[in-house]
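Produce the complete structure using the sequences and hints provided.
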Amino acid sequence: MIATLDEIRVSSPPAAPDRRGAFPVDTAVEQRPDHALMLAVRAGELDALGELFERHHGPLFGFLVKLTGDRSAAEDITQTVFQRMLKYRHTYRDDGSFATWMYHLARRCAADHFRRSSAAPRATDPSDLHERADDAPHAAQNASARDDQALLHVALARLERDDREVLLLSRFQELSFAEISGILECSVGAAKVRAHRALRELRDIYFQLQNMKQRVAGGE
Amino acid sequence: MNCQSARDTFPALLDRRTTATEHAEARAHLAGCPDCQREFAALSQTLAALDALPAPAPSPRLRKNFHALLEAEKNSAASVRPAAPRTHRASLWRWILSPALGAALLLAGFFAGTRYSAAPASGPAGDDATKRELAQIKSQMAKMTQLVGYQLLQQQQGPTNERLQEVLAAARSDQPSDGTLDDLIKALAFDPSANVRLRALEALYAHADREFVRSGVLASLPREQNPLVQLELIDFVAAAHDREATPVLEKISRNETIDQSVRDAARRALAQL
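These protein sequence lines map, in sequence, to chains G and Y. If you want the numbering used here, it's the 1-based position in the first sequence plus 28. If you want the numbering used here, it's the 1-based position in the second sequence plus 17.
Bear in mind the hints are in silico, worked out from the structure with no lab data behind them. A virtual CB, placed ideally from N, CA and C, is assigned to each residue, including glycine. It is possible that some hints are incorrect.
Pairwise CB distance ranges, derived in the manner of DEER restraints [unchecked claim]:
{"#": "1", "chain 1": "Y", "residue 1": "Arg227", "chain 2": "G", "residue 2": "Gly72", "range": "46 to 56 Å"}
{"#": "2", "chain 1": "Y", "residue 1": "Ser76", "chain 2": "G", "residue 2": "Asp75", "range": "19 to 29 Å"}
{"#": "3", "chain 1": "Y", "residue 1": "Pro264", "chain 2": "G", "residue 2": "Val216", "range": "32 to 42 Å"}
{"#": "4", "chain 1": "Y", "residue 1": "Cys20", "chain 2": "G", "residue 2": "His118", "range": "45 to 55 Å"}
{"#": "5", "chain 1": "G", "residue 1": "Arg60", "chain 2": "Y", "residue 2": "Ala236", "range": "41 to 51 Å"}
{"#": "6", "chain 1": "G", "residue 1": "Arg189", "chain 2": "Y", "residue 2": "Glu179", "range": "52 to 62 Å"}
{"#": "7", "chain 1": "G", "residue 1": "Gly72", "chain 2": "Y", "residue 2": "Ser76", "range": "24 to 34 Å"}
{"#": "8", "chain 1": "G", "residue 1": "Phe235", "chain 2": "Y", "residue 2": "Ala236", "range": "32 to 42 Å"}
{"#": "9", "chain 1": "G", "residue 1": "Gly72", "chain 2": "Y", "residue 2": "Pro264", "range": "33 to 43 Å"}
{"#": "10", "chain 1": "Y", "residue 1": "Asp68", "chain 2": "G", "residue 2": "Phe142", "range": "33 to 43 Å"}
{"#": "11", "chain 1": "Y", "residue 1": "Glu39", "chain 2": "G", "residue 2": "Thr119", "range": "49 to 59 Å"}
{"#": "12", "chain 1": "G", "residue 1": "Gln177", "chain 2": "Y", "residue 2": "Arg227", "range": "15 to 25 Å"}
{"#": "13", "chain 1": "Y", "residue 1": "Leu70", "chain 2": "G", "residue 2": "Val216", "range": "40 to 50 Å"}
{"#": "14", "chain 1": "G", "residue 1": "Arg243", "chain 2": "Y", "residue 2": "Lys91", "range": "51 to 61 Å"}
What follows is the structure, encoded as structure tokens:
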């Protein structure tokens with residue numbers, strides 16, 4: 029049977045929650061863009077970094093959790109990124125993009141983390157996941173979803189770190205390929221090629237793991 | 018279009034930044050090719066699973082630590098900014114005063130010499146005046162010696178700019194030798210300029226995994242007097258998770274003569290360790 033393109037189209041990633049909703053916003057006052065806020069920080073108005081923190085620490089943390097597979101490390105790295113923004117604020121350029129700069133710092137901090145602790149996420153054996161599955165009947169669906177997520181985490185962890193970075197940046201962080209190319213210090217074309225290659229690689233690993241899991245389950 | 022060419026475009030088709038009019042040929046091929054549809058569905062399923070990964074929220078500790086950090090930086094920025102012009106003025110006065118002092122010393126020496134040779138056998142009153150003058154000359158001589166000594170020290174070490182350039186050159190090296198790292202540690206410990214010490218520390222960040230670097234940085238911490246450099250040193254030992262730093266940090270956190278922001282930073286670092 030031949031399907032239409034609409035039938036097999038993947039849904040767009042969930043929209044990022046409106047983080048401003050949690051804080052009172054004066055609609056009469058126009059919000060300063062990220063770039064203007066960072067220029068103000070550079071000029072000595074350090075409180076402006078508080079606004080940038082509120083806008084960006086959540087997505088940045090989410091990126092780092094998926095990159096490192098470790099919540100605690102992701103929190104430490106997020107803090108270090110903002111610490112370095114303060115420390116190196118004088119290096120922020122007039123023609124810079126705040127998001128590009130932030131993720132550039134984040135990549136460097138994450139690289140430091142991996143080098144220091146040799147803490148690259150470890151792949152777990154899918155059979156372990158099966159052994160840990162919840163035995164309660166009503167939890168079967170949840171357990172299956174958890175297993176799928178765990179498999180995907182394992183698949184992500186098995187990607188080369190560069191591939192994982194570009195895939196996460198392109199899928200979750202609402203960045204243009206021009207910004208991603210700035211973060212990765214490569215051309216726009218190269219950033220696209222790397223993101224697409226990383227997706228294919230992830231698919232291969234993910235399906236291998238799923239097949240392995242099914243074989244383990246079928247063998248019992 | 019063949020299957021391989023169409024498949025090369027699949028990631029682009031699944032990318033929300035791709036417009037509906039792009040890759041029309043690939044879309045047409047996909048609509049009529051069951052093999053490619055299976056391939057496309059597999060990619061699509063992988064992306065759906067990726068999108069379904071939960072987005073965890075950070076703990077409240079992150080916000081709390083960030084605001085503490087921001088406060089510490091605001092305090093240290095406020096304490097360092099007024100200090101800078103004073104240093105500049107002090108340096109200016111030293112350059113103006115040193116030739117003036119030299120000239121005064123020469124004049125005083127000449128005046129004393131003429132007095133001695135003109136009246137070798139003066140009375141007790143004359144002796145008192147001479148003693149006072151001699152004491153004055155001695156004091157001026159001591160000041161002069163101090164000044165010359167300081168200038169000689171500066172000359173031996175080279176101007177601040179040159180030392181800064183040396184540190185920056187060492188920092189630029191991708192794989193610095195142990196000797197270079199040792200020079201950076203020495204600059205951090207002994208250089209009279211806070212700027213040079215800060216740059217040296219910055220360069221050492223990339224090598225925090227080396228034990229001798231961590232112990233060198235830690236050794237500088239109790240000696241350091243500048244609050245800005247103290248904060249950076251604390252930041253370093255915390256980032257390096259150097260547990261050896263615990264006793265030093267505890268001492269700093271209890272020392273009331275140390276700047277409050279530095280003590281706070283030491284407490285935060287202790288919590289991190």
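Each hint, compared with the structure:
In this structure the hint that Arg227(Y) and Gly72(G) lie 46 to 56 Å apart at CB is violated, the actual value being about 35 Å. Separation of Ser76(Y) from Asp75(G) is about 23 Å and conforms to the stated range, judged on CB atoms against 19 to 29 Å. The hinted range of 32 to 42 Å is not satisfied by Pro264(Y) and Val216(G), whose Cβ atoms lie roughly 52 Å apart. Taking 45 to 55 Å as the suggested C-beta distance range, the pair Cys20(Y) and His118(G) conforms, at roughly 53 Å.
At about 44 Å, the beta-carbon gap between Arg60(G) and Ala236(Y) stays in the expected band of 41 to 51 Å. Checking the proposed 52 to 62 Å range against Arg189(G) and Glu179(Y) shows it is violated: the Cβ atoms sit about 39 Å from each other. Take Gly72(G) and Ser76(Y): their Cβ atoms lie about 30 Å apart, and the range 24 to 34 Å holds. Checked against the hint of 32 to 42 Å, the C-beta distance between Phe235(G) and Ala236(Y) comes to roughly 54 Å, which is inconsistent with it.
Range check, Gly72(G) to Pro264(Y): Cβ separation about 36 Å, and the 33 to 43 Å hint holds. One distance hint, 33 to 43 Å for the beta-carbon pair Asp68(Y) and Phe142(G), is violated here, with the actual separation near 25 Å. Between Glu39(Y) and Thr119(G), the C-beta spacing of about 37 Å breaks the proposed range 49 to 59 Å. Distance hint for Gln177(G) and Arg227(Y): a CB-CB separation of about 38 Å, inconsistent with the stated range 15 to 25 Å.
Checked against the given bound of 40 to 50 Å, the beta carbons of Leu70(Y) and Val216(G), roughly 26 Å apart, lie outside it. At roughly 59 Å, the beta-carbon separation of Arg243(G) and Lys91(Y) lies within the given 51 to 61 Å, and the hint holds.
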